[in-house]
Amino acid sequence: MSYPDKPTLIVVTGPTGSGKTDLSIQLAQILGCEILSADSRQIYRGLPIGTAAPTPAQLASVPHHFVGTLNLDQYYSAAQYESDVMALLPDLWSSNRYAIMCGGSMMYIDAVCNGIDELPTIRPDIRAHALRLYENGGLELLHSTLKDLDPKYLAKADPSNHRRLIHAIEITLQAGVPYSSLRTGERKPRQFRTIKLAINPPRTTLFDRINRRVDKMMESGLLDEARNVYHLRHLNALNTVGYKELFAYFDGIMDLHTAVARIGKNTRVYAKKQLTWMQRDTAIHYLPEDSRLDTALKIIHEESVF
RNA sequence: GGUUCCUUGGCCGAGUGGUUAGGCACCGGUCUGCAAAACCGUUUACAGCAGUUCGAAUCUGCUAGGGACCU
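Residue 202 in my numbering sits at position 202 of the first sequence, and the numbers go up by one each step.
These aren't lab readings, by the way, just hints derived from the structure by calculation.
Zero decoy hints are in this set.
In silico BS3-like pairs for lysine-lysine, Cα to Cα no more than 30 Å straight-line:
#, residue 1, residue 2
1, K272, K298
2, K273, K298
3, K298, K188
4, K265, K244
5, K188, K273
6, K298, K6
7, K156, K272
8, K152, K273
9, K272, K244
10, K156, K273
11, K272, K188
12, K216, K244
13, K272, K216
Using the sequences provided together with the hints, build the complete structure.
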């Protein structure tokens, strides 16, 4: 039995600065399909330069989704992304068997490809309470709190990662049952085919590109872009490479030269983290540097047969 | 020419006789709800040579490089 028209999600990923955007647009034009951005920061409005979002010309050349659609103060998450994408895909597939998901937010991609457990939305007061535990009692208090609320999670949690410990506490308080009992880790069945492609340039090439891209961003007006959102700097959406460093400059903590160098450094660190995440995914096809597009098309055709 | 100070790992930086300083980077890793977040692991030293000492990054001498002051 074959499904020649089985809906197919083509994932184009890779570390920041690897050229995902260009490749996905080329593919979309050839396949006549649309692009879903999988980028936790490009999805916000007002950050086009620092997040290297697709340019207006690129956006005009192929319909994009999830680029610049959120206000900076809007809460968003991988789970929300999953449900938004799942709601949109049938639409896209009604006119084309393909859709391209392009981005480097690996958890967002996994949430769509594998599914993510349903968790309750946290009430603000509960969130504030959990945060206060950490502020007042540090990791120790988080540990002792979790020992009562969810010892099972505590046993396998990263004991130094306050973010995740706080999260376990707030989920447990909100849900009334231990966080660990809600984490099934099960893959949700998907009715579509997934083809994962990744760009992985040699490390030195990538780091070079990143360094140059930072300079280009500065020439393109990143400083003004950052200044425009400076008043919102406390928002998580702005706990972002390219902005937090310039905020430090605005605050007089470091000079501009240092801030720009820091952006490059942090971008390289981010790229490495993405690579580490990618490495775990055995379903990814890596595209050779000299024939990205051709190889991508070849893989898409081969994988689309069954 | 004279006096004097300095020289620690890729970078910053503590340590003045006997424990791993530490930070950042690099390299590696974690990851089911803020993920461009948060967190973890590992590696690289004491400018060179000769001495003193049971033992020297730490004391002495010489050499090299750098700074300050004096003539």
